[in-house]
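Residue-level listing of the chains:
There are 2 protein chains.
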Amino acid sequence: MMIKPPKFIYECTLKFAVFFSALMFVTCNQKKGVANESASNHTDDFQNLVQYVDPMIGTAKMGHTYPGATAPFGSVQLSPDTDTIPYELDGHYNPDVYKYCAGYQYDDTTIVGFSHTHFSGTGHSDLGDFLIMPTVGELQMNPGTESNPDTGYRSRFSHKNEHAEAGYYSVQLEDYNIKAELTATTRVGMHQYTFPKSEASHIILDLTSGIYNYKEKNVWTFVRVENDTLVTGYRQTNGWARTRKVYFAMAFSKPITKYGQENYDNNVYKGFWRKFDQNTNFPEMAGENLKAYFDFNTSEGEKVKIKFAISPVSTKGAINNMNVEIPHWDFEKVKEETQNSWNSELNKVQLDPINQDEMVNFYTAMYHAFLGPTVYMDVDGKYRGLDMNIHQAENFTNYTSFSLWDTYRALHPLFNVLQPKRNSDMINSMVSHYNQSVHGMLPVWSHYANENWCMIGYHSVSVIADAIVKGNTGFDAEAALMASVHTAKVPYYDGLEYYMEKGYVPEDKNGSSVSKTLEYAYDDWAIAQAAKKLGKDDIYNEFSERAENYKNVYDEKSGFMRPKLDDGSFKKDFDPLNTHGQGFIEGNSWNYSLYVPHAPNKMIEMMGGKEVFSQHLDSLFSMDLPDKYFENTEDISREGIIGNYVHGNEPSHHVVYLYNWTDTPWKSQDKIRMILKAMYQPKADGLGGNDDFGQMSAWYIFSTLGFYPVAPGSDVYALGSPAMKSATVNLENGNKFKVVVNNQSEENVFVDKVLLNGKELKEPFIKHDDIIKGGELNFYMSNRPNKILYNK
Amino acid sequence: MMIKPPKFIYECTLKFAVFFSALMFVTCNQKKGVANESASNHTDDFQNLVQYVDPMIGTAKMGHTYPGATAPFGSVQLSPDTDTIPYELDGHYNPDVYKYCAGYQYDDTTIVGFSHTHFSGTGHSDLGDFLIMPTVGELQMNPGTESNPDTGYRSRFSHKNEHAEAGYYSVQLEDYNIKAELTATTRVGMHQYTFPKSEASHIILDLTSGIYNYKEKNVWTFVRVENDTLVTGYRQTNGWARTRKVYFAMAFSKPITKYGQENYDNNVYKGFWRKFDQNTNFPEMAGENLKAYFDFNTSEGEKVKIKFAISPVSTKGAINNMNVEIPHWDFEKVKEETQNSWNSELNKVQLDPINQDEMVNFYTAMYHAFLGPTVYMDVDGKYRGLDMNIHQAENFTNYTSFSLWDTYRALHPLFNVLQPKRNSDMINSMVSHYNQSVHGMLPVWSHYANENWCMIGYHSVSVIADAIVKGNTGFDAEAALMASVHTAKVPYYDGLEYYMEKGYVPEDKNGSSVSKTLEYAYDDWAIAQAAKKLGKDDIYNEFSERAENYKNVYDEKSGFMRPKLDDGSFKKDFDPLNTHGQGFIEGNSWNYSLYVPHAPNKMIEMMGGKEVFSQHLDSLFSMDLPDKYFENTEDISREGIIGNYVHGNEPSHHVVYLYNWTDTPWKSQDKIRMILKAMYQPKADGLGGNDDFGQMSAWYIFSTLGFYPVAPGSDVYALGSPAMKSATVNLENGNKFKVVVNNQSEENVFVDKVLLNGKELKEPFIKHDDIIKGGELNFYMSNRPNKILYNK
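Respectively, the protein sequence lines represent chains G and D. Mapping of the first sequence onto UniProt numbering: position 664 corresponds to residue 664, and the numbering continues sequentially without gaps. Mapping of the second sequence onto UniProt numbering: position 437 corresponds to residue 437, and the numbering continues sequentially without gaps.
These aren't lab readings, by the way, just hints derived from the structure by calculation. We put the CB at the ideal spot given by N, CA and C, even for glycine. A few of these clues could be false.
Said to hold, decoys possible - Negatives, chain G to chain D, calculated, CB over 12 angstroms:
no. : residue
1   : Lys197
2   : Arg242
3   : Ser299
4   : Pro785
As the list claims (entries may be wrong) - Per the computed footprint, the stretches of chain D lying under chain G, defined by three or more beta-carbons under 8 angstroms from a beta-carbon of chain G, are:
no. : stretch
5   : 221–228
6   : 638–651
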């Protein structure tokens, strides 16, 4: 099913608002006295790009995106949950839970409520904090079921009465005749509910609801009704984050007339509360599983608004966040300002597309890329650290939710181009994490002051090295390097002890051993590059040596990377098409064997030379992956693969660009264009796999622009085939980098010639400085491969 | 069984230390340049009074005191727990739990371990945080049972190898041949364990252990092994305090060689921790029910020391508390300094006793009176408030654990004499509680940033009024009065709505209605007195009227206070000897009917006049209370009553002094001396009832000195019969108030004459100013009543 083109939404409601917002933005920047001409040129060209963002993309099947309202990199992601499926079903894992990583599935027909925190595109989840649902009529405190929504507070809805924009979401809740509208600033969600006339209008706050809800996920919930328009509290969970606490402050635009809780708690307070009726109008509630309700009388069409602020620190922090970010009740103003912010972020790349679908794809990819990592501190700079103490972020913005196994590949490199300040602060956040870590480790997959250890490698070091090598060092580079070195030497971490001793992880000691060995080797190379840049020869030498370890798991006989045992022999019964039990994770050996991004030439040599390798890549894209193997390919839909090339998961993201290291770089070009078309479509089920907090989108952005960072930690980008007519990258330093594509069309997918600042390129590569200094990259396209290009 | 006289301990180990401490104290005060002569006189007379303190008193039967180590008003109460009985047994209430309010019962034969927080003498409990037990040999992680201690880590012990002093405790753990010694500063407990030679010496940290442990009392526990000598973490509970969190930092004097946890948790983390062996040497532990162990090798006689700091704020706060309070590893020095502090507190009254037992009773009473409320803030003034936010105590010390139904009677009045600065700060703490309370209420029974609502009344107002009336206002008196007024008008609190409407609490609307009506009326009078002092006539008039409400529950026919129903009729089937279901709580009508402390003259008039009333009191003391009624008398042993006079519980504490308002004040005198002798004995089972955080002890101190505050909120003390030869009260203002008793002996219990500063008293009363200005009160005693004294 196709969703409504987002332009239509604009035509209805937004045209003037956004136009006004754009004006505001200019005024604002002028007021601040922006220093250089380029920056003000930027604002002169300011375009309404929010109109192209469609948050519905990826909300069906495996995309795991959410359609709700959020500000760029916002702490609050206020979004509808169409189900809150429990992790356990009759005591067993419930496979349906996986669909609800972002709380919303496009095919569902009911909305349970609107919760304030969501990951975007992840392959695991948590969060879903503070679900709010407005209802009228008889008070129901349980959500009910999709098959019989009347059994609970959830409501039917229809996509035809649903609109999603960057920073705004609305839906008609059919069961209650309530129009729900959502917007958000960085730390505050704002709700606007248009009620019918009713003597029994309710706002339900369900603290038991959550995403990936284990039976005992809630550790504690706490609610205080401070007065008749302000409620505070917190939710403490033991989910994917082991010890996670989010505080809130919720303000109502009109006084509540009555409130209460229904007790769903096994753990009832055994003190002297029998003095009171705790269930009605008693302003203190606490327990493992709280649900509260707040009642109003409403007139026909009356808008009840809620400001809902969160904080990692305290309810005091949440109240302060609310007061600073939304010191008024003007819903439209919040929406406008947030959409302004989005426009400002989106204008960092201005695109002239081949067709309008590409505008939607591109700016939705930009939107998804700018959803996280998310700001994780109060407006006063305080945040909760890994040690559970409150820390002050000194001169940086603290971020959380680092899905690093995914995002080190292209998202953080993209930030080094489009968001260098934020990327530096993300590294500051990682180094703070390191300083707070009792292991002395940088984040692996961390969120909300917790390390969840998800996936493999220690890819923070890649993010750090990439920034150092590219000269983006708004952080203490030496401290970050030392943190990287220390992280790479924690012996009890995931086979590292063996890796350091033997040069590979033995499969019989630690599973997924090949994937780990390959990724450690790459990470080690990245550390070496940073050390080299900083003149630390000892570290460079030490880690350059470790970077060669990929060779230790290469099986010359089979021509694949293959698990090795502790005794040095290869594991028997090896199947390079299978993933499970073969020494790999989230990728079979066919894909993972190509994972030596830091030494393509050596790898190609090892695998039989350029010609053999080029054909090997051809096979990957053309072979058939039988269903029994596909089922082992995680996190993607069938659309997420091409042959046996698995674009829907990360290990292959650099693969198509490897042709550049053979004599057949032209073979990458049509394939890149094919992947862009096949894997990214402007519809709810348009993503071929989890968006993975923007990594999939970052691939799309880079590849559309015509270049890609095959090995973060190098300052080199591999050229591909740009998929637009022209693009201007408005850099933070005020420079502009233009990519102009001549003779571009849907058919002309092959590159005939490339000029950088008027000078023809002899190799399919550009450098980071070429971009950052500003300049122009001219592609000349053709419908036939230029087989001697770059080989002249 | 008699415990060893505490003097003996001193002879063995302490004589020189304490002598040296006393010298230190003088030096210290001189260094600080104490301003006035009186204060330095005070130090000239400085006596070693710690030698008379016997912390074992009250540890048997119903005293509910603990024998462990603590500083005056200290946050840490480091004390042995002889059992950690669960609240529930086969799903039902386990009556044995009540014995263990302070964790220790003198008749027990094993020690489970040493935990860091204990209430003193309370009739309900909580706490018992962070139990530590040293063991050797095979690691056992469960406590085992008293009947078979070898099944767990607990150890046998004997009182002959056990010593308890103010600020110091030691015991030989027989099963392990370990000598355990404990001392403490305000926020840090210090352990010293003398181990035998062993390759397997363990320190167990059991976070599942606690006092009044409900099945699901632990909400969350969290441990970080920061390095090989420092461990941090917290324990969050849902016990008597609904949401309570205590942080800790634990330092070892020598590095641990190995550590780990055993998992007793239903709620196992479901994230990606399978990467690690979490059970051994993994520095992050978290879950509902953690137990950890730390291993050492020890040589024969090796002392392993532990500093264990707690904080209401954070582990960072705990570490800071440790560093500030004990920046070294000298156990003896800590003990010495803490015993110095105790001596300094005890020297506030210097006594010349009739016999040496009285010295033990008196200074142990002083010790018990100065155990709480306890300091509740970090050394930097930060503390957790009722709203769970972190607050800064500005210019006051924040206290917690207000057992106000008990302590408003004599303990806080005693503080107005001996601890005016602390009492002002306790009021500052109460007003802060009020400011943080979502109910707008002062504390009822509050501890650790929680209100547990225990017992009845709103007696914070009495503490505030008493301080205001007595001119002890190191707090904002007007703000405190307004907080009192607001507290007294919260309609949903415990029948207040009815009380305000009808002038009494109807028994059919809200139980224990007579007790509540009487105590509200007294509290209201106290508010009126404070208002009068501050010139707030409206409040004075309003609450003076409410103070008359005691009349509304007086039943002229029976001559008793009696429960009234909503319709205005008295409840039928009334039994003034029974407590349960009769409209009273923790006291029958015989005792409670005398509870009009603020208007004895009017009460006596109402009850038939002076002569009838005097005889009525005689009956109380001489009648027989049948067993079936005694069983309804809570919290006391059979020794806690005289006739039907229940001294072991609080409602009667003023009763014996009521003779002063009749023409027979002499009748109080022998009874006071009898109560002092009968209810307070220098042995483990020497207390007739719960010490109730010092209230019982405060009664002893006042009565021994010869006067008692019948109605806090008045500046008048009723005279009794002093039980010593002379006493000097060293006041904080530098003045001295001396009580000299002439012709004193065990037999001469009647007062023949009283002179205040040489002038004979015509009435059996003195005023607070008489004390605070300094002066001398001379009693002349006789073995026969002087029936015309005060009636001249």
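Going down the list of hints, with the structure as the test:
1. Lys197: 31 angstroms, holds
2. Arg242: 5 angstroms, violated
3. Ser299: 30 angstroms, holds
4. Pro785: Given a closest Cβ separation of 44 angstroms, the condition holds.
5. 221–228: Per the Cβ count (4), the hint holds.
6. 638–651: violated (count 0)
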